[in-house]
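**Q** Listed below, chain by chain, are the residues.
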Amino acid sequence: MNFTLNNVPERTSKPRQTGFTMAMDKGLSVREVEDFIETCGDFVDIVKLGWATSFVTPTLKEKLAVYKVAGIPTYFGGTLFEAFVIRNQFDDYRKVLDKYDMSFAEVSDGSIELAHDLKCEYVRKLSEQVTVLSEVGSKDAEKIIPPYKWIQLMQAELDAGAWKVIGEARESGNVGLFRSSGEVREGLVEEILTKIPFEKIIWEAPQKAQQVFFIKLLGANVNLGNIAPNEIIPLETIRLGLRGDTFMHFLNQK
Amino acid sequence: MNFTLNNVPERTSKPRQTGFTMAMDKGLSVREVEDFIETCGDFVDIVKLGWATSFVTPTLKEKLAVYKVAGIPTYFGGTLFEAFVIRNQFDDYRKVLDKYDMSFAEVSDGSIELAHDLKCEYVRKLSEQVTVLSEVGSKDAEKIIPPYKWIQLMQAELDAGAWKVIGEARESGNVGLFRSSGEVREGLVEEILTKIPFEKIIWEAPQKAQQVFFIKLLGANVNLGNIAPNEIIPLETIRLGLRGDTFMHFLNQK
Amino acid sequence: MNFTLNNVPERTSKPRQTGFTMAMDKGLSVREVEDFIETCGDFVDIVKLGWATSFVTPTLKEKLAVYKVAGIPTYFGGTLFEAFVIRNQFDDYRKVLDKYDMSFAEVSDGSIELAHDLKCEYVRKLSEQVTVLSEVGSKDAEKIIPPYKWIQLMQAELDAGAWKVIGEARESGNVGLFRSSGEVREGLVEEILTKIPFEKIIWEAPQKAQQVFFIKLLGANVNLGNIAPNEIIPLETIRLGLRGDTFMHFLNQK
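Chains as they are written, first to last, in our numbering: chain H, 1 to 254; chain A, 1 to 254; chain L, 1 to 254.
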């Protein structure tokens, strides 16, 4: 940090199990990735190439290489996994992961119907090859999953070998963990936390008010995801109580 | 494309008459244009320098040159045309187009009152010099044009020599084709399509939900415009059924 | 300007006392700052490193140097000042300003409670060291300050040595001068203007409709702040009556 300020919350350091930030790259150029790493490299723990953007990105290999040199792991969004699965091309997906030398992958069912046993089977199989992040929640705002079910799904996916589970919100933050207005389903979040360990969950929280909610509830070192590249520096200040939204929150705790 | 996926909608290729994407550059730097071309060059068919931003852009010549080398045509937003016309400087505008070696121009009346005969006369005159895109719709949310009138205007402008007609939406997507909430005027769109050929229309659709509407209604290869540079890759995935919003749509058609 | 258009409002030139634009940098990389200066350098009078983003910016010294070479002054957002003050580290803050060779600083109380005498005392002390911008308004949407009080606070801070006073709006434009919807508190603005000279005020106005309001009310050369880097070119066109929103406004005045 550039200045010495007393009583700033202590942040975890890399490799982080908590206080973890997942950024979403939805089409940065190679040079933009370099710029992103220059300013945010210390604050980003993993980068998701959003949904199936990797399919159309012309400089995919170069981008992945730039992230790798910087020591920032990457993975393809779950929608790419689903696109292969629904076409009965799961084996092709495994080859893609090998070809691009990926060490992480996401298993999700946000856009497709997938029997949960089968989803867990995919978690198990991919865990032999890569570290698996599995995502719970639908991209369809109409499909409401009750809290007890979120817990069952998350626990089963962790038991199947998922490294962490992700709570769905999309790029926009208006499904899954959130109402269509972006408001947090607070009861859902609190109920999940009664059963699933804090450090095992990554909360997708693209909107500032959502980030503030989780940081106030769970502290500076909550795991957050789907953060836009230009919101990583702002998020870091929110975690540290150095933006208006959490400024007094951490001081009042002393 | 980077991976082999079955049953992905077929996209047209350049030079495209359908499946055409018009991006809006509202002030990119030369280096940002280079980055944009690197990631999106294959997916962008024409770039509009939004409204009269070209008037204040310090590196205008350099930017236009970078686009030209990449084979991506550019044009000045219709508001620049209107700014010259309302000042009785139309001849100056023709000289500007020559000076900057433009091969496309937009004729519009989004901010001024212009008798339609006269507008068509401008389309005719500019068509001798460049390829003309003409735009229908007001930038004023209060001015509602009924569907039969949209059709009359569009047809007359095509008859006058316009290469394609553009449906107005502004950068924000809340006028013209859309309600102030951004909701599509569906009846208007459907009525226009009964008379004006699909390939002759570029629908300005800056918001994701608007793009999804047109792609679901008219397929992967609908012509869309006013796409922000960082939304070109996302749009391409929506066209291909590789984002949640259209994921099942194309598969269900098989 | 690139073209010759008649009857375009005359803009002030640097160093500007009116027609002043303050941009907010909330985490640009060094290369992005270079790009920003290339396209917007002539239109930006001062850059604020938003709130306490300077605390976590890894390339802070390099960024400040690039702005300095371009002749664009910079300052740290008021939240950084408040973070030092609330920790009884004001002397450390003065050293930070020296260490980074800053010639401007902001005094604010948007996130903390600060007796107004004391705030003015900070304005006085810092004025010995740098040029002070002081900000009025809370970041808390619940704290409504009545118009007569805004005037008292602004006048006292100017009397204490502030170069200009800033009306609070945050990055989002939904507190202070604005309602939570972003709508302007018009009565407040008009009442302030009865007492505080036009050229002494910088209105934070991040949203386009807010910029349009102030330009229509006060002309092309109103001082505006909290403008996002990619909105500087658009703002310049609004000031010049070359975007739909103010297109007829200036012409009708002739």
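If you're looking for bench data, these hints aren't it; they were derived computationally from the structure.
Some hints could be false.
The list makes no distinction among identical chains, and a pair is therefore deemed to hold if it is satisfied within one copy or across any two copies.
Derived DMTMM-like pairs (lysine to aspartate or glutamate); straight-line CA-CA distance at most 25 Å [unchecked claim]:
id: 1; residue 1: 208; residue 2: 113
id: 2; residue 1: 216; residue 2: 186
id: 3; residue 1: 99; residue 2: 34
id: 4; residue 1: 143; residue 2: 45
id: 5; residue 1: 61; residue 2: 10
id: 6; residue 1: 26; residue 2: 45
id: 7; residue 1: 216; residue 2: 142
id: 8; residue 1: 149; residue 2: 190
id: 9; residue 1: 95; residue 2: 10
id: 10; residue 1: 143; residue 2: 101
id: 11; residue 1: 26; residue 2: 10
**Q** Going through the earlier hints one by one, which of them does the structure break, listed in rising order?
**A** As far as the earlier hints go, 4, 10 are violated by this structure, in ascending order.
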